[in-house]
Structure formats: structure tokens, C-alpha cells
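**Q** Chains as they are written, first to last, in the working numbering: chain A, 1 to 345; chain B, 346 to 526.
Think of the hints as simulated: they come from the structure by calculation, not from any bench.
Where hints are given, some of them may not hold.
If you anchor each label on the Cβ, the simulated ranges turn out as follows [stated by the list, open to error]:
(1) 505/B with 214/A: 30 to 40 Å
(2) 519/B with 293/A: 48 to 58 Å
(3) 248/A with 429/B: 44 to 54 Å
(4) 526/B with 11/A: 49 to 59 Å
(5) 408/B with 217/A: 22 to 32 Å
C-beta: ideal position from N, C-alpha, C; glycine also.
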Amino acid sequence: MTERQPARFIDPFEAWLATGLATEPAPEISDRIDRRVRAAIAGAPIPLAHRRARFGRRSRVLLLVAATIAVMGAGAGILGLFGTIFGPVDGWRTAFDRAERLDVVVTSGDVRARVIRAYADANQVFVFMVSENLRDQQQPTFEGPWILVDETGTEYQFLLASGAPDQSIAAAMVVFDTPEPWLDGSRSFTFTVPFFRDPRAMATDPSPDSGRIPGGPYTFTFALTSQGGRVAEPGPPATVNGTTIELRSLVLSATAARGWLAIDPVPSSKPHYRRVVVRVGGRSNEAAHYEPVEGTTPLLVWFGTVSGFDDPAGAGTVDVQALVPAGPRTPGIEGDPWVLPFDVP
Amino acid sequence: MNEVLALTEERSTSIAQTHVVEPFESLYVRHRTAVFRYARAGSANDEDAADLTALVFERALVAWPRYRPSGGGELAWLFRIARNAAIDDARRRRLAEEREPRAQAGLVAADPQESLAQAELADEVRRLLAVLANETRDAVILRFGAGLTAKEIGAVIGRSEAATQKLLARALVALKEARHD
Chain A
1 MTERQPARFI DPFEAWLATG LATEPAPEIS DRIDRRVRAA IAGAPIPLAH
51 RRARFGRRSR VLLLVAATIA VMGAGAGILG LFGTIFGPVD GWRTAFDRAE
101 RLDVVVTSGD VRARVIRAYA DANQVFVFMV SENLRDQQQP TFEGPWILVD
151 ETGTEYQFLL ASGAPDQSIA AAMVVFDTPE PWLDGSRSFT FTVPFFRDPR
201 AMATDPSPDS GRIPGGPYTF TFALTSQGGR VAEPGPPATV NGTTIELRSL
251 VLSATAARGW LAIDPVPSSK PHYRRVVVRV GGRSNEAAHY EPVEGTTPLL
301 VWFGTVSGFD DPAGAGTVDV QALVPAGPRT PGIEGDPWVL PFDVP
Chain B
346 MNEVLALTEE RSTSIAQTHV VEPFESLYVR HRTAVFRYAR AGSANDEDAA
396 DLTALVFERA LVAWPRYRPS GGGELAWLFR IARNAAIDDA RRRRLAEERE
446 PRAQAGLVAA DPQESLAQAE LADEVRRLLA VLANETRDAV ILRFGAGLTA
496 KEIGAVIGRS EAATQKLLAR ALVALKEARH D
């Protein structure tokens, strides 16, 4: 996502004109524009078909979501497709293995969609589904927007999706972030996919409806019991090179660890916080998601791993090993790690 | 790895985000400076240009779900919105100033980040552009300020690529003459 490069002009008069019009907004002017536009994006009334990525109650929308589409050879089994999705990520495989087996089928238009398993713990809700294009045996189906709502009407924050199509069939894993502070007990869920799309069209055409396959919406209802997690008790903050980082909260579950960091003073270069490692019980997992909440003092940063901890107990640490800047030219903060102790009672 | 995977890896973000929030975020990041430059060329100061730039993207966000790639692509689409917003903004400011003339109207705010020489040059170019008719001035700003091609500019102002090239050529002649007067 970079700015379009300016045109170059050889003719001296044209170059003079271009130079005169090449006004760079001053930082405060740029911030003024940014604030308005990003507020508009955050509050945009997105149509139902596009609601999945609406910014939620927490402003830390995960824009750094990693998702892949891998294509298996013809005849690969459904479990093989999911295996492709999980790759080396333990947390995703754990969620699949421990998920409640469901078989909720909805057929509409050209697509038959089936939720085969779902899983919930303190940190996340996973939906595992298979979709099949009934009309075109060569056209894979994959995703539309995904919406998850529980019986209280709470909409869960979409976190990431990963899929593996095989000819006309696609497996998909959709992950949602749970409402704070965590998810416990049993819940009834309504999971909606307004429509499916051909991922090949989506890759070349950015418009919201590209590759749309006739049919939908697809609405699935099911109940899940959260498999819980553990809430850690944070210890004292750590200061390195004049920067103090405090662990504000941490929730550990079988599929992830999620927490908040507070950074003081607020770095001036809008750094992205990379290499945050959670260690407890002889196991360590590195965070894959980071979301700073701009405008907070001290700067609050949400982080999450994609693998979790089974029955964690005792002392642990969150090690912040580097603060890497967003841009290559802005200085980052690196050095001895900030070691933030916590205890899991 | 096949074509689907290769194409998807290029995007390296969620399918979901790529096609919903990401495209607009991406559009904004790619073109905000170009839109600001277009806005700044017709505004009295940086603040007015910033407000107009934000208004353009706010309007574009509302229209984004209906956007379909067509002649001129997303840049032409975006700058059509920008041009309409600029016309509306100019009309509004004119009406406001008729009611209550602003003491600072026409002044160019000093930008602390911009060198004095650059500020003077920008001011000189903006004054020079005032000799052109509105449509021609827009075409010149879109070409030399926002970096659009003649085809893209044509899609913004409703002319063919060839007609736009002629318009730009005539504009350059007029500007050179005006500069030497």
C-alpha cells in the first residue's frame, strides 16, 4: 500500500509546473486529513454484504490479518484441505481437533455450504466450513463477508480467514475475536455468509462483488460451549532505554494468548511492535497480531499469538524483544528485551 | 504454487480485508497526496485543502461499494468526485464570502515544512494558473499536480484522450505566454 509515484517531466517548463504543484502536506495537515478519513472508514455504514470488516467496539481492528489460499490437487480430502490451511500453526490445528462436530447445511443458488465444526475458548471462536459449487465443477467457491452474532446480539470481531479450494470444493477456517474480557459458558451463535465468491476473480478485481456466485445468504445456527482459558496477573513494568512497557492484561487459552501492552512515552514514529513472545510453563509463542490504539497515552498495543497454552500455571513472562518502525527510514527501538513477568494463579 | 496462490500472496492480506476495508484504505494511501495537491492548487490555504481532501475521501467512501472499474480507472473515478467536491466547495466559499468577506481570503498560509522558495514557487504557479479557464486549469492541475495521464484526465472532465491532449497543449502555450508577460 504505497503512494502512486509522481510523473516525471523532461520539459523544463512542465517540470517547473510540476514542482510548483508538488505540495506536500505538513504533518499536522496530514494528520488532520487522516483523522477525518479514518474516522469515516471506522464509522461507515457498510452494507450487509460488506459488514464483516466493519470496525468494532474495540478500535484495534486487525488489519494485519494473514490469510492464504492454497490449492490442492484434485481429489484431496477435506481433512487434507484443512491440513493445508493449518500448516505449522498449532493453535488452528488445536481448535479443529477440539472443535464440536456439527453438520449444518445450507443450499442456496449454486452453492451448498456446510459448517462441519466450530470451537470457542476464552479468546477466539473458530468456524470450519466446506462449500461446494453445484453448477461449475471447476469453479471454486470461497468466502463472502462473514458475520458471527451470539444470542445477545453481540457481533464478534472478524479476525482472520484462511481457505483451501480444490476445484469446486473449498475448505475454510474463519476466526473471530471474542468480546472482552473473554468468552465463557455456552452460547448460541448465528453465523452468516451473505454470498460466496470465486477467489480467482477476487485476486484480480478488487471490487466488493467480484466473482460473486449466485445464491445466499447462508445462515447457520449452532450452540457452543467455550473451553475457557486462564487470566494472568501482570507483574511490574520494565524500563529499557527510557521506555517503560507495562503488561496490562493477558488471557491464555489453548489456541492463543491475548493481551494489552502500555508503552510510555509514546514513540513518535508510530512503530509496529514486533517480536513479542509469551513464555509460560516451558512453552513460548510469538505474537502474530499487533494493533496499536492511536491517540492513547501511554500507547496501548493489543497483541495476540496464534498458538496457545494448555493448562498454563505459575510464573511466565511477556518478552518484548524489539520495537520495529513502520517505515524503513524512521528509527526504531531495539535492545535488551523488556521482560514483563506475570503469574497464572 | 499455482496461479491462485501466487495472486493471493501478492496481496498478502486477508481475503476479507483485501476486498472490503483494504481496498479503500489502499486507495486512500495511494492517492491522498495527489488529491491534496489537486485540492491545494485551488484552495486559499493548507487547512482548506485538507478539509477538501478529507471531504473527497468521505464522499468516495460512501460511493465505494458502487464503484466499478471503467474508463480511466479508479483515479478518474476518484478525481471526478474531487472535481465535483471542489466545485461545490468553491461555490460554498463564494457564497460565504459574499455574506462575510474574510480578511485572510487569498492568503497562502506559510507551511513550516515547506521551504520559502518552494512556497513562493507554489504561489507563483497557482497565480499563473488563474489565467486559465476552469476546465483547462483542472486539466493542468490533474496532469502536473496529481500526475494523471491524458486518458485519465479525459475521463474526469468528460473529453476524449486526444481532445484532452490538445487542451493541455494549448494550456501550456497560454501559461508560457502568461509567465513571460
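**Q** Next, verify each hint and record whether it holds.
**A** Hints versus structure:
Distance hint for residue 505/B and residue 214/A: a CB-CB separation of about 37 Å, consistent with the stated range 30 to 40 Å. The hint said 48 to 58 Å for the Cβ distance between residue 519/B and residue 293/A, and at roughly 51 Å that hint holds. As the Cβ distance of residue 248/A to residue 429/B is approximately 46 Å, the hint placing it in 44 to 54 Å holds. Here the CB-CB span from residue 526/B to residue 11/A is close to 20 Å, at odds with the stated 49 to 59 Å.
Distance hint for residue 408/B and residue 217/A: a CB-CB separation of about 24 Å, consistent with the stated range 22 to 32 Å.
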